[in-house]
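Asker: What follows is the residue order along each chain.
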Amino acid sequence: MWARSGLGIPDSVVSGFPGLTEQTLVSSRDEVSNLERGLRLFFGLVVGYFGTAATIGALGPGLNALGLAKAEAVELGLILGLFIWPGFAVWIAATRRPIVLTTAITTAAVLVFTVF
Amino acid sequence: MKSTQSALERFRWSMGWAHTWLGIAFSTILFVAFWAGSLTVFDREIDAWMMPELRIARPEAVSFDETVIPYLEEAQPDLGSSVFIETPSERRSAIRLVYFSSGELNFVYLHPESGAQLDLTDSQGGRGFFYNLHYMLHVEWMNLGLFAVAVAAVGMLVVITSGLFIHRKLIQDFFTFRPKKSLRRSTLDLHNLMSMIALPSHIFFPFTGVLIMAVTYFPWSVATPYDNDISQYREDVFGYARTASGVEASASLASIDEMLERTVRAIQVSKETDRAIWPDRIYIQNYGDENAVVEVSNTFPTQHVETGDGRVVFDPYTGALLEQIALTAPVKQTSSWLKGAHYIQFDNWLVRWLMFAAGIAGCVMIATGNLFWMRARVRKAQPDSNGVKLVRGMTVGSVTGLLLASVAYFVINRLLPHEAELLGRDRSDLEVWTFFLIWLFSFVHAALREKSAWADQAFAIGFLATFAVILNWVTTGATMLSPEGYLPISIVMMDGFLLAVAALAIWSGFRLHGVAAVPVRSKLADAHEATPINTE
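Going down the list, the protein sequences come from chains B and P. Start counting the first sequence at 6; every next residue gets the next number (this note's numbering). Start counting the second sequence at 836; every next residue gets the next number (this note's numbering).
Each computed DSS-like pair below joins lysine-lysine, with the alpha-carbon atoms no more than 27 Å apart:
no., chain 1, residue 1, chain 2, residue 2
1, P, Lys1106, P, Lys1174
2, B, Lys75, P, Lys1174
3, P, Lys1106, B, Lys75
4, B, Lys75, P, Lys1167
5, P, Lys1286, P, Lys1224
Honestly, the hints are just simulated from the structure, not real lab data.
Work out the full structure, taking the sequences as your base and the hints as a guide.
Answerer: See below:
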């Protein structure tokens, strides 16, 4: 299951989630519904936006601390951070990980970024 | 079978799904952004076509002391308001002023020699209408239009990225177009060809479009290093700023002509060049106030892509040079280049035409994608079902409907009397109403016409575009062969463009006329049903 799910999570952990079976972990052309794919893209764009905002928000002060002037740090943060948005949407559309787990992971990542 | 499906195939299938559905979901907004953006490349030429009073000769020299200053003294903009002045250029001879007076935003054009205010045809023209349509769809409420375009732009980046993954023969697609094959095949060929031929621009423009407005999209992110005060960021980026004191200045404006000459010399020194680069913007901050300031800039340099390179700040009352701001930091130069390349306001005509062509290639890519998708879907359903009507209405209205509304906008501009008014709305509003009404009508028409929705609208575009050229000749006496007055290039370009659109629309109309909405199934079609994207 480990290898086929591609999640990198031990079977013992996965088995602790009711309903999270091999069937739900392996997505393919026939097993993923249009609804799920649509939800993936929707989440990709929405969460991608907040992820981008958090990344830009983190890069500005970070680059400033590394010696760039504030305005330049923000400009560079914008240029680099904007790759996150479409990149995230492509990733979430392509990933085999189930939608609930993916959303949970990305939401947690956004929260961490925002707090940081 | 499922278990033997490779990871690569699954990935490509996911990308194909994202490509199709994101493309369809955002196709209307993207087509609007690409079409209006392409027209905006030649906004000043469209302005001169729609407002013939702008077709005036550009004088050898312009004195702003004799034209702008007397006008400002008479018009008396609000104390402390901002006054933007655009200097005459090769593309527009008149001086353009923008300022607040009595709570209203005023757009004024002055004759470059006499300084007299030009009595223009009341129209938003190309710059006022298509530019706004391009980046915010004329939806200003809570910046909804801005955000819709931004999300569509990001969707476009996903669509392009996924499109690259699903095509196995990118190089072959670049050289493949079989117009004599079935409509389905030639449509897909054209879609692939237009995607490949302008691929860099399809990635570049959505990205830089979001970058230009990023401060609006991510205000809190940008404000983070500035202790959440975004006004500090604006001051930092946009340069010199003073706060209005609210006290009226006792002195009058110093010579603007002298400020311009000093700016030219200052830029020559900083650039180490003998070439005189004339500023294109004069910005009076806090007009009439004690704390006023004049910023002279070369916002859209004639021979550079970067915007805002070379700004010089003066005291408006003494004419003293206060500060010179230059783009020296690599990050700022990069950002400025990216934005400047998106604005496409530099005066290199060849590059600007290439950018325009890339935009039109984007339009064709979206249109053929829509056409291909619609024909793949409607054949699975009853041709008169409500679902098919909705799909047909949306796809046809989004593409040919928008073109039809655009040429109708040009036609109504030439037909309406100078003082036209209806239901309390002025002439420029009536032009905009016409645009949106015709566009709305095109959706309804497409939903109701089963076989000939594309062809009907294509023929209508051809007719109206030709009619617009005739109307321009009748109402102004100017034609492509004998353009009247100055700025003939704008007439040649606009009339030539409209005639080209007419020819292409009529050809497309004949090509699409009578094509059944539900095509006969074929082996090729069956193959495509299995893979709705080109995966040969």
